[in-house]
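Residue numbers (my numbering), protein chains in the order written: chain A, 1 to 137; chain B, 1 to 137.
Any given hint could turn out to be false.
When chains are identical, the list treats them as one kind, so a pair holds in a single copy or across two.
What the hints assert, rightly or not - Straight-line distance between alpha carbons at most 25 Å, and here's what the computed DMTMM-like set of lysine to aspartate or glutamate pairs gives:
| id | residue 1 | residue 2 |
| --- | --- | --- |
| 1 | K75 | E105 |
| 2 | K27 | E100 |
| 3 | K75 | D117 |
| 4 | K44 | E21 |
These aren't lab readings, by the way, just hints derived from the structure by calculation.
The model shown is predicted, which means the values in this text are computed figures rather than measured ones.
2 protein chains.
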Amino acid sequence: MRHIILTGHSRISEGIATAIEFVLGNKIPYFNAYMEGEELYSKKLREKISEYPPQDDIIILTDILGGSVNNDMMKFLDRPNLHLVCGMNLPLAVHLILSEEENTEQLIRQGIQAAKDGIQYCNDIQVSANMDDLGDF
Amino acid sequence: MRHIILTGHSRISEGIATAIEFVLGNKIPYFNAYMEGEELYSKKLREKISEYPPQDDIIILTDILGGSVNNDMMKFLDRPNLHLVCGMNLPLAVHLILSEEENTEQLIRQGIQAAKDGIQYCNDIQVSANMDDLGDF
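Between the sequences and the hints, there should be enough to build the whole structure, so can you do that?
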């Protein structure tokens with residue numbers, strides 16, 4: 001089996017999880033980091049991971065490379081079949097959830113490309129669309 | 001002046017705003033879309049934009065190209081100096097906030113590159129780091 005987990009500073013992972021649920025209907029586990037008055041997120045995350053059999057693939061998505069959350073997660077990479085991707089956005093999550101790719105490493109590499117392709121300056125798209133319109137005349 | 005606004009499905013923009021505030025201390029306005037029992041987000045967003053003088057640059061970040069929120073925002077592009085970027089992630093926001101680039105279009109293009117560069121498969125980094133370690137021996 002394959003599992004996706006979101007984590008990041010404050011409530012970014014919760015926010016992305018709500019958008020995933022709104023758009024796709026999937027409930028993805030998330031771990032808000034450094035929330036006042038709450039138990040250490042990395043402890044809760046480790047407990048969650050321990051629920052999965054070692055042969056299961058786990059993909060952890062975090063918010064930013066070099067940030068303390070991603071640094072914490074780098075320490076989890078000694079777990080077999082654990083994959084860590086930073087810089088998460090909604091196109092990445094959508095790809096990881098919807099793709100039928102069975103090879104998890106391939107899935108992740110394709111998902112990262114989809115995530116990058118999904119970041120666009122929409123003013124360029126509008127200009128391009130307008131030029132297409134002009135082409136009809 | 002230059003303003004950044006976040007919007008997206010459910011609470012994704014709120015989540016990213018909390019991470020920005022945690023990491024950088026900046027409070028960025030956000031508009032949660034399609035929240036039950038709440039006023040139409042695009043109406044509130046339009047009111048927010050109307051507070052800014054027309055010569056001010058506004059950068060709207062959304063969650064996903066082709067999603068209904070980004071489609072709604074495409075209609076805002078008739079406002080002069082309004083820039084729309086989809087596929088937002090934390091590296092994008094951090095770049096847009098911290099960069100000293102004065103030209104907004106340049107800032108956005110650099111920010112998009114930073115956002116893409118910020119999406120990484122960290123297992124590759126770990127392998128690379130281990131190989132660097134070996135290089136010392």
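Open item on the list: My question is about K75 and D117: at a cut-off of 25 Å on alpha-carbon distance, are they close within one copy, between copies, both, or neither?
Closed with: For K75 and D117, the Cα distance is within 25 Å only across copies (22 Å; inside one copy 29 Å).
Task: 25 Å Cα threshold - placement of E21 relative to K44 - done: both (21 Å within a copy, 23 Å between copies)
Open item on the list: With identical chains, the pair K27 and E100 could be close in the same copy or across copies; at 25 Å between alpha carbons, which is it: within, between, both, or neither?
Closed with: within (18 Å within a copy, 39 Å between copies)
Open item on the list: If the cut is 25 Å between Cα atoms, do K75 and E105 qualify within a copy, between copies, both or neither?
Closed with: within (19 Å within a copy, 38 Å between copies)
Violated hints are absent here; each numbered hint is respected by the structure.
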